[in-house]
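Protein sequences, first through last, are from chains A and B. Heads up: the first sequence runs through residues 1 to 753, numbered per the numbering used here. Heads up: the second sequence runs through residues 1 to 161, numbered per the numbering used here.
Some clues are possibly wrong.
Okay, the calculated bits of chain A under chain B, using three or more residues with CB under 8 Å as the criterion [to be verified]: (1) 180 to 193; (2) 225 to 238; (3) 476 to 483; (4) 577 to 584; (5) 639 to 650; (6) 656 to 669.
Derived from the structure by calculation, the hints contain no laboratory data. Small disclaimer: the values here were computed from a predicted structure and weren't measured. Virtual Cβ for every residue (Gly too), placed ideally from N, Cα, C.
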Amino acid sequence: MRRPLSPVYSPTVQRLEGLAKLTGRERYVDDLPLEGFLWGATVRSPAPRGRITAIHFDPAIDWSQFTIVDSRDVPGPNTIALIESDQPVLASGYVRHVHEAIVLLAHPDRTALRRAAAAVQIDVAPEPAVTDFRVAPRPDQIQYGDDNVLKHLQISKGDVERALAAAPIVVEGVYETGAQEHVYLEPQGMIAALEGDVLVVRGSMQCPYYILKALRHALGRDEGRVRVIQTPTGGGFGGKEEYPSTIALHAALLTLKSGKPVKIVYDRGEDMAATTKRHPSLVRHRTGVTPDGRLLAQDIEVVMDGGAYVTLSPVVLSRGIIHAAGPYACDHVRIDGRAMFTNAVPFGAFRGFGAPQTHFANERHMDRVAARLGLDPAELRRRNLLRDEESTATGQVIRDGTDRRAVLEHALTLADYDNKRAAHARDNVSSAVTRRGIGIATFHHGAGFTGSGEVMLASRLDVAGLADGSIEIRSANIEMGQGTLTVFTALAAQRLGLDPAHVRIAEADTARVPNSGPTVASRTAMVVGRLVERACDDLRRRLDMDEATGDALRRALRDWHEKHPGAELVGQAKYEPPPGVVWDDVRYRGDAYGTFGWGAYVAEVEVDLRTYETRVIDFVAVQEVGTVLHEVLARGQVQGGVAQAIGWALLEDCRWKDGAMVNAQLTNYLIPTSDDLPRIRVAFLETPYAYGAQGAKGLGELPMDGPAPAIVNAVAAATGADPCVIPLTPERLMMISDFGMRIAASKGQDSTP
Amino acid sequence: MTGNSAIHNPQSTISITFTLNGSPISVEIDAADRLLDTLRYRLGLTGTKEGCGEGECGACTVYLDGLPVNSCLVPAYQVRGRRVETVESLPPARLDPLLTHGATQCGACTPGVAMTSCWIIDHPDLLATHSVRELLAGNLCRCTGYDGILDGISAAMQSRP
């Protein structure tokens, strides 16, 4: 099934900007040379909800040296344009979460600025806040609609009530996942400056056109007077999807008021406390099943914590519920999803976008179903994985020619699953202090925007033929470590038979590149990469040389420019949906995605019975993602995603007070180090997808979906405990173990953490 | 640019001399400046990154008298008369095994990872008492899962004469 890689994609084509990064020459936003500028800082709400009654500026400071901005300085509507316009650029009289931005300051000296920011005191008359999304709000806590529900979505297939009533066995479960901080290693940052009449904003971002839209909206500037340029971005993972619009607006407001360039770079503490995180979730399952393990009905309720503004919660919820029933065939499915308003810092985009939460619940639940039936968890999945011509929860008929059972079997073989299960059963009895277990998860991830999303994005991309015989790809899709520059270059080089040295990629500058959409949703290589190929074809068509490659093409480009001095030769491509993809956005029925990636992950863990620490000692990640475009980059995506998900499963515990993170530092919010991880063993199965670049499907998010349930299933197998909440820290595991239960009983407490 | 501060503390500026990437250098600093800020903002050596500012992530790793340290935790005045080497001192050819094996993705942790990796490669005797995973644990990376870095270090160590 593994195809040999074509020469262009062999690992000898190195990451293009890799050496610049290794030698420290790559310049991120805080590395750019900048003269005569001011540093910007943000003064934030101390309270989760209430009316701002006073803002005190300490008279010991000479405020005439500072540029000071508040909501009255926002020239247009005081809202950050996204799905709903409910989030203010700067709070005006009222706050809805701790750390909400209220006042901006700028000053040439960063130390003086920090002292000044600490010397602004905000008084808030507190009102009743909502801090637990799982509990129904009291009337005095209602702040959105008449029930605090930011979004309610439902999926219905067949007749769940009747099927559950008739099912011989029904298994129930409740699962919870915590928030997760992105911890991109480069904190958020933006520089705003006026160049003539044009406001230019540069910074770390995934979506230049989102920021352009937000600037135009709140500043009331037309497109010709605003320009957004991405700087090399040190990690995003979704954290630089929507949030950078806020910092861009803040820097822009300070620049417009002071007339000077302004740089805002968050330190780690501010970044962790004030920016978005993965949505916490609670998922309830009720599953009807036959004694031999056929799924008869899945009744699923999904609740997510949206935080204090709508931001992207409706679409995170959407992707979450669409994946909630897993990659299984079941005739009767009902999924009810709600995203709840709380007075917390808004939760936002994070790799996987709602699907890791619902996959955790579903895959953990599958193991509980298997335990009830006395079946091997692998066998339960074998019996239910989708076959071609069967349909998902939304009624999407799968006919992609991939073999989902082969993905599972390959993973089981690589992990030596059967032998290890037997060995653990034998050895755990005799080990005094450790227990080992092995767990699996099978899952899927829809590639690209959900439903009609890609059609509505209407992405465009240009490939210019230049006078020196090289080409330039003009795209708004950015490099944040995942390999966009390398993959786009390789795709164009291969398409046109060019040496990669003759392919350039334009800076993602909204004044120069068309809107090829945001760099999110595992869409860049698959969807936008396909636009690169088609724009290359269009470039040749404009030369009347449909087949030209290599030197012939380079000669033709030079000749064209000699005949048309100063003119531009641009091949263009616009998104076209794959044929036959039909989605009903009202009834939530039909083809939710053009295609899915499929995964089967196996985790082996060792639990220390003295400390309740869980160590992942082996990890196998097998996935079917269409054609692998670059083996080193693709493997890196999987290993990095698995590592991030291991952190979410076991370590990364956001602690809250009044809807704000109190452990907002890397000293006590722990992400995995090299010493916390095993080697992550990666294998790909490749069935090319006809409508992705070179047959590629989306890859970046899939690896976030499988590890948490595989690990927690392994912990359950090792210990006999039944953990349903992550992160499964040692403290949580202890409290649900026999030992913890005894402590809880002696204190008369509920043992649930 | 940052920290210099005629405004908040005019008396605190001092001059220090130290050896930076093999050459002597004198620089005016604020007494409270971190070595990280001196390198980045006074001397323009922006290869050294700030990831956390509290010694957890290792993105700001430099060598002080030949030993890797977090430059965010070193007061600049303490390097007076000492030897500091930054990522800018690493010969690019040494980094090739890291590049080939996928040791860098977003690049924000990478200069620190490159410094620690080269230090491990230069001190193979450490492996008698420590694993590479343990030695690398002071450098957080959120992109790679570390396998690409470990493979790069391993390849570099095998190709050493």
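Now the hints, each set against the structure:
Under a criterion of three residues with beta carbons nearer than 8 Å to beta carbons of chain B, the stated coverage of the stretch 180 to 193 of chain A is upheld, 6 such residues being counted. Counting residues of the stretch 225 to 238 of chain A whose CB falls under 8 Å from any CB of chain B gives 6; the rule of at least 3 is met. Residues of the stretch 476 to 483 of chain A with a Cβ under 8 Å from some Cβ of chain B number 4, which satisfies the need for three, so the listed coverage holds. Coverage of the stretch 577 to 584 of chain A by chain B is violated. Counting CB-CB distances below 8 Å, 0 residues qualify, and the rule asks for three or more.
For the stretch 639 to 650 of chain A, the assignment as covered by chain B holds, since 6 residues bring a beta-carbon within under 8 Å of that chain's beta-carbons and 3 suffice. With 3 residues bearing a CB less than 8 Å from a CB of chain B, the stretch 656 to 669 of chain A meets the requirement of three and the coverage assertion stands.
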